[in-house]
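For reference, the chains in residue letters:
Protein chains: 2
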Amino acid sequence: MADIDRSLVRSLPLFANMVDAELDRLLARASMRRVTIGEAVFEQGQKASQFYLLLHGRLKVTQVTPEGQQIIVRVVHPGDLFGFAQALQRDDYPGTPIAAAESVVMCWPNEVWGDIVEHNPNLAVNAMRTIGQRLQEAHTRIREMFTEEVERRVAHAVLRLMEQAGHREEDGIHIDFPLSRQDVAELTGTTLHTVSRLFSAWESRGIVKGGRQKLLVRDKARLEAMAEGNAADT
Amino acid sequence: MADIDRSLVRSLPLFANMVDAELDRLLARASMRRVTIGEAVFEQGQKASQFYLLLHGRLKVTQVTPEGQQIIVRVVHPGDLFGFAQALQRDDYPGTPIAAAESVVMCWPNEVWGDIVEHNPNLAVNAMRTIGQRLQEAHTRIREMFTEEVERRVAHAVLRLMEQAGHREEDGIHIDFPLSRQDVAELTGTTLHTVSRLFSAWESRGIVKGGRQKLLVRDKARLEAMAEGNAADT
DNA sequence: ACGCTAGTTTGCTCAACCGCAAGGAATGAG
DNA sequence: CTCATTCCTTGCGGTTGAGCAAACTAGCGT
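Order-wise, the sequence lines are chains B and D.
Residues in the first sequence are numbered from -11 upward in steps of one, following my numbering.
Residues in the second sequence are numbered from -11 upward in steps of one, following my numbering.
Treat the hints as calculated values from the structure; they're not laboratory data.
As the structure is a prediction and not an experimental result, all values here were calculated from the model.
There may be inaccurate statements among the hints.
[Unchecked claim] Stretches of chain B that chain D covers, calculated by requiring three or more beta carbons in the stretch to come under 8 Å of a beta carbon on chain D: (1) -4 to 2; (2) 37 to 48; (3) 106 to 112; (4) 132 to 141; (5) 155 to 167.
[Stated by the list, open to error] One-sided and incomplete, this derived list gives chain D residues near chain B with beta-carbon spacing under 8 Å: (6) S19; (7) M20; (8) R21; (9) V23; (10) I25; (11) H65; (12) L69; (13) V105.
Note that CB positions come from ideal geometry on N, CA and C, so glycine has one too.
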């Protein structure tokens, strides 16, 4: 297999305090894979044999309920680990990561995980932090679901996406990957109808500008005010 | 400080593969504390200086929204770690654990955590599994919130409590700690009114038997059927 | 350039569930 | 034993947002 360049991953916080030699040893065992839009990296329920790192692109992790309803559990951004099911004491993958944009992932066989933890406790600590943050996020989301109305939830979700995937443009901040109304609905626990209505209302007030699988935030401050529940008139 | 007996914690999965000497060393640095009903072990937002293990009793971890709404993030059962905020890259506690029953907790100063991870990667791995499971749970809950109606959510919550804190009795399974309607509401994201109504309806169908801060599941099968969405007639 | 498909907008209707309000039972304190 | 507190029950509107249906449009392939 072709060598993988160190520089690809060196800047990631996950590998921040790892010496070069160690890093190279890790990369030697990795493989890479391109994933095209709409393709799944692996499938929910499938036996977990590898763990992954997203290098480039964007993934949405979906789960399907027994009744067939689909929801988006989270969005994977470049630099995030995902699919490390065996670290979580289960042998199948709990969700399906689908490419929302052209993506490149890196992966290792499960056995490598044990070695990493043994030889490089630092990395283990980092990984734990990552999971911890994810847990925080999940709790935040639960709290929002419990206590907030749809409009505020959607506002929060958009703000979060903006932070994580926003890209400054001339007339606002653009979310950097194809994102349909349906996606936002599945992220916030509503229907695409409601999301569409909300976006329309916001657009007429000049807060955002929508498009097909596109979203541009023009007035971050007003959006934040709405997320905090300040009755948004005008 | 009085020595803490090894047998107290030996049976916990968290310490499963730790040698006696190591365990003793850990216990030597621990302190213990009794918590009475309604008392908080620590407060949300407070600076995190220690991490904890619940030995006996039951805690409900609450969060308060900026608007003052309270929700129960999770229930801590004996043997669970909690309040290990610094492992999650934050220096304050994200929630307030309140004793729902007379409880006994064990705690260590934060510095111990680093030592543990260094000297005993096994424990770190176990801890990570714990967090991982918690993340799973959170995702399950999110999915339920998104897709299920109140009745099914409450059914699920009750079933989960039953698994984790159920105690076989003559005419059903009793939930082993004081649990008000309000608590259930805060666990499932509804109001106590709705919960009360549901319990009444269930009781009249012989599925559960309620009481003041008490709940007895008489017909687990029917409850499960309801949680799965099978229209519950009769 | 054309049609096709997937994504989007919008209107209408209806049920679930919350909020308010008022009364009722159980537990504990004195 | 009595009172007070806390928890629980139940009724009644009112809203929110889901569900259904139908038209619209941007972009893609041929």
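Outcome of the hint check:
1. Counting residues of the region -4 to 2 of chain B whose C-beta lies closer than 8 Å to any C-beta of chain D gives 0; at least three are required, and the coverage claim is violated.
2. As drawn, the region 37 to 48 of chain B meets chain D at 0 residues by the rule of a beta-carbon pair under 8 Å; below three, the given contact is violated.
3. With 3 residues having a beta carbon nearer than 8 Å to a beta carbon of chain D, the region 106 to 112 of chain B meets the requirement of three or more and the stated coverage holds.
4. Requiring three or more residues with a Cβ within less than 8 Å of a Cβ of chain D, the coverage given for the region 132 to 141 of chain B holds, as 3 such residues are present.
5. With 0 residues bearing a CB less than 8 Å from a CB of chain D, the region 155 to 167 of chain B misses the requirement of three and the coverage assertion fails.
6. Proximity of S19 of chain D to chain B is violated relative to the hint, the smallest CB-CB distance being about 24 Å (cut-off 8 Å).
7. Because the smallest distance between the Cβ of M20 of chain D and any Cβ of chain B comes to about 25 Å, over 8 Å, the interface hint for this residue is violated.
8. A least Cβ separation of about 24 Å between R21 of chain D and chain B goes past the 8 Å threshold, and the interface hint is therefore violated.
9. Evaluation of the V23 of chain D hint against chain B yields a violated restraint, the C-beta minimum of about 22 Å exceeding 8 Å.
10. Of the supplied interface hints, the one on I25 of chain D is violated, with its beta-carbon coming no nearer than about 24 Å to a beta-carbon of chain B, more than 8 Å.
11. With a least beta-carbon distance of about 17 Å to chain B, the hint placing H65 of chain D at the interface is violated under the 8 Å criterion.
12. A cut of 8 Å between beta carbons decides the hint on L69 of chain D: the least distance to chain B is about 12 Å, and the hint is violated.
13. For the restraint placing V105 of chain D at the interface with chain B, the shortest Cβ-Cβ distance is roughly 6 Å, inside the 8 Å limit, so the hint holds.
Violation of the numbered hints given earlier is confined to hints 1, 2, 5, 6, 7, 8, 9, 10, 11, 12; the remaining hints are satisfied by the structure.
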